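Chemist: So the chains spell out like this:
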Amino acid sequence: MPLLDIRNLTIELDTPHGRVKALERVSLTINPGELHGLVGESGSGRTLLARAILGVPGHNWTITADRMMWDGLNLMDMSAKQRRNLMGSEIAVIFQDPTGSLDPAISVGSQLIEAMPKDKQVSFWKRNKARKATAQKWLHKVGIKNTEEVMSSYAWELSAGECQKVMIAMAIANQPRLLIADEPTDSMELSTQAQIFRLLSKLNQLHNVSILLISHELDTLSGWCDRLTVLYSGQVMESGPTVEVLEQPFHPYTKALLDNMPDYSGALAHKSMMQTLPGSAPALQHLPIGCRLGPRCPQAQKRCVSKPSLCHKKDRYFACHFPYHSEPCNDDTTS
Amino acid sequence: MGRYLLRRLNLFLATSFVLIAVLFITTSYFPTSKVVALTGITEPTAEQLQNIETTYQLNGNQLEQFFAYAKARLSGDLGVSITSQRPVIEELTQALPASFELAIVSGLIAVLLGVPLGVFASLSKNKVTQHSIMAITLTGYSIPVFWLGLTLSLWFGVKLGWLPVSGRLNQLYEVEPVTGFMLTDTILWESVYRFSAFKDALFHIILPSITLAVLPFTVVVRITRAAMLNIMEQPYIKAAEARGLHTSTIVLRHALPNALIPVLKNMGLMLGTFASYAMIVEVIFSWPGVGSWLVSGIYQRDYTVIQGGVLGVALTIIFLSILIEVIHNAYNPLSRKELYAAN
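Quick mapping for you: the protein sequence lines, in order, are chains A and B. Mapping of the first sequence onto the UniProt record's numbering: position 308 corresponds to residue 308, and the numbering continues sequentially without gaps. Mapping of the second sequence onto the UniProt record's numbering: position 132 corresponds to residue 132, and the numbering continues sequentially without gaps.
Hints were generated in silico from the structure; no laboratory data involved. Accuracy of the hints is not assured; some may be wrong.
[Said to hold, decoys possible] Covered, in the sense of this in silico footprint (three residues per stretch, anywhere, with C-beta under 8 Å from a C-beta of chain B), are these stretches of chain A:
1) 92-105
2) 283-295
[Said to hold, decoys possible] Computed list of lysine-lysine pairs in BS3-like fashion (alpha-carbon distance at most 27 Å, straight line):
3) B:LYS127 with A:LYS81
4) A:LYS129 with A:LYS145
5) B:LYS199 with A:LYS81
6) B:LYS125 with A:LYS21
7) A:LYS255 with A:LYS302
8) A:LYS120 with A:LYS81
9) A:LYS141 with A:LYS120
10) A:LYS255 with A:LYS271
11) A:LYS141 with A:LYS126
[What the hints assert, rightly or not] Here are a few chain A residues that face chain B, going by a calculated C-beta distance under 8 Å:
12) VAL56
13) SER89
14) TRP156
15) ALA160
16) MET170
17) TRP224
18) LEU246
None of these values were measured; they are calculated from a predicted model. Cβ atoms here follow ideal geometry from the backbone N, Cα and C, with glycine treated the same way.
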């Protein structure tokens, strides 16, 4: 049974320009112990998806889904209190903006201690000390050496990288079953990035934590993830095991992303054009109908004005009328 | 921080210096002889006149006169009141505690009721509750304080007869002043009637303090609500929610401390308005504080009382606004960031 199973999740935002579908019929399946990569450009709705899974929607959101199951439980039926109980203990998240995600008026240490698990075994007068010790232990694990100094500082006194590490420590301290990492290494130098990814994959291997890794860098994700889901403009383009997706992309967008990756073999002539799709990702108030890649897609034809449904082919999913290396599903005439 | 405190102290001294200079200049414009305006002695003897001339350097130039004036005023010599012929400083120190008592009680009412109501208004999902709270606070904000005071005393004092409408304490009780605050003095009073005296003092303070509290209360509610609405959308609140913290923990530990920062700042800005409102309220309820003392001094052309009252009130306001700013900075780590950046 998959740990998280989402079918046709749609998030509509109420904006001054009317209601827009920021996320349209997104499906996502995460199996236990899986490192799942979610790749997409900024503005493609990755963070919206993460927040919808977690259950912290914004005030102008309308969420509809055919199915949203967490380990056999229906997330849509749960009360706000039950969702809150899941958060932190079973599902944890690392947000994109680390400095902004820490309260500026309280020291980092007290927020960290607040997030540490409460150990009922320890008698209450020792509990604070124990929680402080755990906090320090987790800070060490994420690679912060001067723990005392970091814990007594305020969020704005630390660098973004340090804040991000603190956020990671908070997220993993409760040993969640699913960790949603939204650009966890956004503001870090390369060596720290590798360190964080190693930490995440160690967590995945040793504690069997499933991880949803959100990023815009396909090459980093491809190195760490078991499965990939490609998101474009709020629609799922393709999903499947990383190796297969990289080897033989079905969807034109995935192929374009792979072509974008610079290879340093020197085959490219000096000052020649980089391989990219024409145009740019559409703004939220100017979304095209049907397949949102349509206007930019090299394969697009008349049929692309209707949204292709998600095809299932041997562990791989794709939503395209004219896929590479494969036949389109024939059940999508109605959609 | 030490350097910052020194700078604030410097600001206090400079502002007070300007205040004394303004007072000195206006004193020379009072339509009376300079001797009377400075000391309040209407018919000085030759000896007194000699004394006054040496103290205030009346034969020297303006600068010498100013420094002599500043020296006299800062050493606590505010002259005597023209009407009562008692030292002004004595009257001022008697009136100040009454004003402080009223201000503290109204301030407490405003903050202790205003902050929770503001938080409640911001968290409430019910449109009717939200709008009615906003409507009530807007009404309270726009009601003129003199009308409100008179109406309250008419209803609760005269028509219903529940509460006394003037003074601080019934004349029956002869309480010896210890702190100057009637509420504590009655408790400290060595008498069998101390609790009935305390109750009486409490009844006396209800109407004036509520009248005075209406304006700061509405401001506190509105600012707390606006700040809370803003802060509840901040990423760190979302992150705290995502960590699975309880809503009450989020509000009390993360949202409220951040929301109180603008409230504190606005209280500093409101001090001047608050002080002038306090004077009006004191006059309406015959509260024997600085306000009513100063207003009666103005009516009676009591120039020394006017000077002394203005000096006392203005110094208090300057001191308190600087104090609030210092507290604001000590309490708000974010403004310390700006301070260090500025240095």
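Chemist: Now look at each hint and say whether the structure bears it out.
Modeler: Results for each hint:
As drawn, the region 92-105 of chain A meets chain B at 10 residues by the rule of a beta-carbon pair under 8 Å; at three or more, the given contact holds. Counting residues of the region 283-295 of chain A whose CB lies closer than 8 Å to any CB of chain B gives 0, which falls below the minimum of 3, so the coverage claim is violated. For the suggested pair B:LYS127 and A:LYS81, the alpha carbons sit about 23 Å apart, so the restraint of at most 27 Å is met. Taking the CA atoms of A:LYS129 and A:LYS145, the gap is about 19 Å. The hint holds against a cut of 27 Å.
About 46 Å separates the Cα atoms of B:LYS199 and A:LYS81, which puts this hinted pair outside 27 Å; it is violated. Using a Cα cut-off of 27 Å, the hinted pair B:LYS125 and A:LYS21 holds, with the two alpha carbons roughly 25 Å apart. Of the supplied pair hints, the one linking A:LYS255 and A:LYS302 holds, its CA atoms being roughly 21 Å apart against a limit of 27 Å. For the hint linking A:LYS120 to A:LYS81, the alpha-carbon distance of about 22 Å falls within 27 Å, and the restraint holds.
For the hint pairing A:LYS141 with A:LYS120, the CA-to-CA distance comes to about 23 Å; that is within 27 Å, so the pair holds. The suggested pairing of A:LYS255 with A:LYS271 holds, with an alpha-carbon distance near 22 Å, which does not exceed 27 Å. For the given pair, A:LYS141 sits about 23 Å from A:LYS126 by alpha-carbon distance, which is consistent with the 27 Å threshold. Of the supplied interface hints, the one on A:VAL56 holds, with its beta-carbon coming within about 5 Å of a beta-carbon of chain B, less than 8 Å.
Hint on A:SER89 holds. Least Cβ distance to chain B is approximately 6 Å, under the 8 Å limit. A hinted interface residue such as A:TRP156 counts as satisfied when its beta carbon comes closer than 8 Å to some beta carbon of chain B; here the least separation is about 6 Å, so the hint holds. For the restraint placing A:ALA160 at the interface with chain B, the shortest Cβ-Cβ distance is roughly 13 Å, beyond the 8 Å limit, so the hint is violated. The beta carbon of A:MET170 is positioned within 8 Å of a beta carbon in chain B (closest approach about 6 Å), and the interface hint is therefore held.
For A:TRP224, the suggested interface contact is broken, since its CB lies about 23 Å from the closest CB of chain B, more than 8 Å. Among the interface hints, the one on A:LEU246 is violated; its C-beta lies about 32 Å from the nearest C-beta in chain B, farther than the 8 Å criterion.
Consistency with the previously given hints fails for numbers 2, 5, 15, 17 and 18, ordered from lowest to highest.
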